[in-house]
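Listed in order, the protein sequences are those of chains A and B.
Taking this note's numbering, I'd label the letters of the first sequence as residues 1 to 98.
Taking this note's numbering, I'd label the letters of the second sequence as residues 1 to 554.
In case anyone wonders, no lab produced these hints; they're calculated from the structure.
Just so it is clear, CB atoms sit at the ideal spot from N, CA and C, and this is done for glycine as well.
Possibly wrong hints are sitting among the right ones.
[What the hints assert, rightly or not] A short list of chain B residues far from chain A (calculated; beta carbon distances all over 12 Å): (1) H9; (2) R11; (3) I34; (4) Q41; (5) P45; (6) S47; (7) K71; (8) F72; (9) Q73; (10) A185; (11) D222; (12) D226; (13) Y269; (14) T460; (15) G495; (16) Q509.
[Unchecked claim] Here are the simulated DSSO-like cross-link-like pairs (lysine-lysine), alpha carbons at most 30 Å apart as the crow flies: (17) K71/B to K16/A; (18) K357/B to K300/B; (19) K209/B to K258/B; (20) K95/A to K21/B.
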Amino acid sequence: MEKLHFNFDTKDAISKPVHVGVVASGDLEVIFRPTDKETEVNIVTGSDGFKEVWGNVLQRFFDRYPIQADIEINDFGSTPGVVNLRLTQALEELKDEK
Amino acid sequence: MKNSFVELHARERALSLLDAKTAREIVGPLDNMISPHLEPQNIVPESDDGIVLMRGMINGNNVLVVSIEGKFQGGGIGEVSGAKIVAALEKVLEENKQGNTIYPIIVLDTGGVRLQEANYGLLSISEIQNVVIALKKYVPVIGLVPGRVGSFGGMSITASILSYLIATNKARIALNGPEVIEQEAGVREFDSSDKDLIWDTLGTKQRSKTGLVDEVVDDTVDSIKDAIVNEIKTKKDAHRTENVDFYLSLLNKLDLSKKLDIDSYNKLYQSVVATKHEVPAATAGNKEGTKSRGRLWFEKLTGIENATSSISTVLHAQKDGKEYIAIVPDSDNKFPRVREGEVGLQEGFAVASIVNKIVADDKDKTVKRPIVLVVDVPSQAYGYQEELIGIHVALGSSAAAYAKARQAGHPVIDFIPGDAVSGGFLAHGLQSNRMIALDDDSITIQAMSKASAARITQRTIAELEEATKHVPAMAYDVDNYEKLGALYKLVKGIGSWEATDENVVKIKQLINEAITSLDGDTTLHFRYQTPIAKASGRKATLAVRKLVDEEWSK
C-alpha cells in the first residue's frame, strides 16, 4: 500500500460532493468534495511504485476538466484506463440533476 | 445476462430493489466512516467499509436494505461494517416496537468475519445475530444470497437465523470455505480444487433440497424483487434454527462408517422423522473423560466428578440455582472432526436443545435461571459431512437459543478458562452479556488459525504476526482481547489448569457479581460501555452508532 498526494491549480468550483466506484480488485472509488482551497488529490493505492503514472493520468484529466475539488481515491490495482473512466464518471455525477 | 442482479455492486443492488425516488442512504461513503484497522496493515480501505445501508420503500412498504459489498475484501465483516449493520438494525427494531413497520432485508455477499479485524468481526456478527432474533418477534428478517461470493463463515450462521432465505443458483452457502477445510483437515476431507464437488455440496441447488435455502430465484432484478415483495406479503418463517429434534434424530441415523454422499444424504433428509430429544444433566461417572480446561472447570464448578452425558461432548448441570453448560472434547467421539473439543453438528443442536428447555421451564417464572457457559472451544468442526448437513444451522441453533434466553431475562454469563475461537465461540459464548476470562497465556481468542488466516488473506504467517502487533483485534491472546473492551473481568493470578477449591470459590463469586451487575440488562450493549471500549476498544463502533442515530430520521 502506498499513499500519494498531488496538488493542482484548477479553479472550476464544483457544487456538491459525489462518490463513484468500488474498491474491488482492479477497480477504485473516487470521491469529489467541493473546496475553496487548492485542488488536492489524496490517493491510497494497493499497488506501490506508480506515482509517475498517477501524476500523468491526473494531469491529463485536469488539463481537460480543470475542476476545483478535494479528491479522495481508494485504489485496488486499477489500470490508468479504469482510473480515467471513474474520474469521468464522477464528473457525470456532478452534472446529474438527481 | 439481461438485468442481472448479481453483476451489480452493493449500492446498485440496494437501489435496484427500492421504488424510484424513495432511497436514502444512511452513513454513506461521504460520511468518513472508514475502518481504522486496515491502513495500519497496509490494506486499502473503502469509504463505506463495504456496507450499504439504504432506507426506502418496496411496493409502498418501508424497508431497510443492508447490502454487503462482496467485491471489497470478500464482503468480510469488521468493526465499522459490523457496527453499521447492528446500529441500523437496532433502529429498525426500535421503529417496529413503536408500531412503525419496517422490513429489514439483508443482502449477504460475504466471507464472514473480515480476518484482518478478526475479533471485531466475531463480536459484530454475534451482535447482528442478537438483533435479528429480537427483530423476528415483529417482522420477518429477509435474507438474500445472490452470489458470486455467497455466504460463508459467521454470516452463514446469521443466514440460518433469518426468517426466509432467497438465493440464486450463483450462490454457495457454508460455514467453512473449502480452502479452510482443506487447510485444517487435509485434502482428503475436502479437495478445494474440485469445483464440481464444491458446487454440488454447497451450491444453492443442493441447499434448497435440504431446507437450507427457502426459495431459488433467477438472477434478474425483477424476479428477486418479486420474491421479496411476496415474502413481505406472506411473512413466511422457515424456523430453521428451531428444528433441533429433527437434526438430532437425523444425526442418530447417520452411518459414520463411510463417507456420506450427496444422494444418500438427500434420501436420509427426506426419511427422518423427528423424535423428541432431551439431553439429561451430566452425572458422575467412574471413568475420567478426555482432559480439557473446559471439563476441569465444569466438574469443579458443578461438583460432578468424571461428568458423563448422553452426548459425550455436551455437559450441563444445575448448581446453586445456575445452569452450567460446557462443550468438551471426547477422544473417542464417533464424529472424527470433533475430537479436540470443536463445536460440531451434535454440539450445536444439543446445546440449543438444553437452552431451549431451560427457557421453556422458566417461562412463567419472574426470576430466570442464570446460564453460565464454560468456554473452551478450539473452533468449529472442519469437515465435509458437517458442511453437507449444514453445520452453520447447528451453530445458529445454539447462538439463537442463547440469544433468546438472554432476551427472555436469563443472565447469560461466560467463564472462559480455555480457547474461544471462531464459529465455536459464536455458538457457545458470544451471546453472553458478561464475559469473565482467565489471564492465561494458553488461551486463544480468534477467528481462524494462523495457517488458515494466512492462506485466505494471502499473507505469510510472519506478515500476519507483524499485523497482530499493530491491531489488537488480530492478535490471538487474551491480553490483546481485553483491549477491545468486551470483557467484564480479566482474572489475574488464576491459571487455566488451576481449578483449586479456593480459586473455584473466587470464580463463583465473580460470576455472582457479574449476574448482579446486569440489573435487568438483556442486551449486548455492555461491550460498548466499558471504560476500555469507550477509550479505544470500540471507539469506531460508538462513532458509527452515533452517526446512524443522527442520520436515521433526518
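Now for the hints, and whether the structure bears them out:
{"no.": "1", "hint": "H9", "result": "violated, 5 Å"}
{"no.": "2", "hint": "R11", "result": "violated, 8 Å"}
{"no.": "3", "hint": "I34", "result": "violated, 9 Å"}
{"no.": "4", "hint": "Q41", "result": "violated, 9 Å"}
{"no.": "5", "hint": "P45", "result": "violated, 6 Å"}
{"no.": "6", "hint": "S47", "result": "violated, 6 Å"}
{"no.": "7", "hint": "K71", "result": "violated, 3 Å"}
{"no.": "8", "hint": "F72", "result": "violated, 5 Å"}
{"no.": "9", "hint": "Q73", "result": "violated, 8 Å"}
{"no.": "10", "hint": "A185", "result": "holds, 28 Å"}
{"no.": "11", "hint": "D222", "result": "holds, 23 Å"}
{"no.": "12", "hint": "D226", "result": "holds, 26 Å"}
{"no.": "13", "hint": "Y269", "result": "holds, 37 Å"}
{"no.": "14", "hint": "T460", "result": "holds, 16 Å"}
{"no.": "15", "hint": "G495", "result": "holds, 40 Å"}
{"no.": "16", "hint": "Q509", "result": "holds, 48 Å"}
{"no.": "17", "hint": "K71/B to K16/A", "result": "holds, 27 Å"}
{"no.": "18", "hint": "K357/B to K300/B", "result": "holds, 24 Å"}
{"no.": "19", "hint": "K209/B to K258/B", "result": "holds, 22 Å"}
{"no.": "20", "hint": "K95/A to K21/B", "result": "holds, 18 Å"}
Hints 1, 2, 3, 4, 5, 6, 7, 8, 9 from the earlier list are contradicted by this structure; the remaining hints agree with it.
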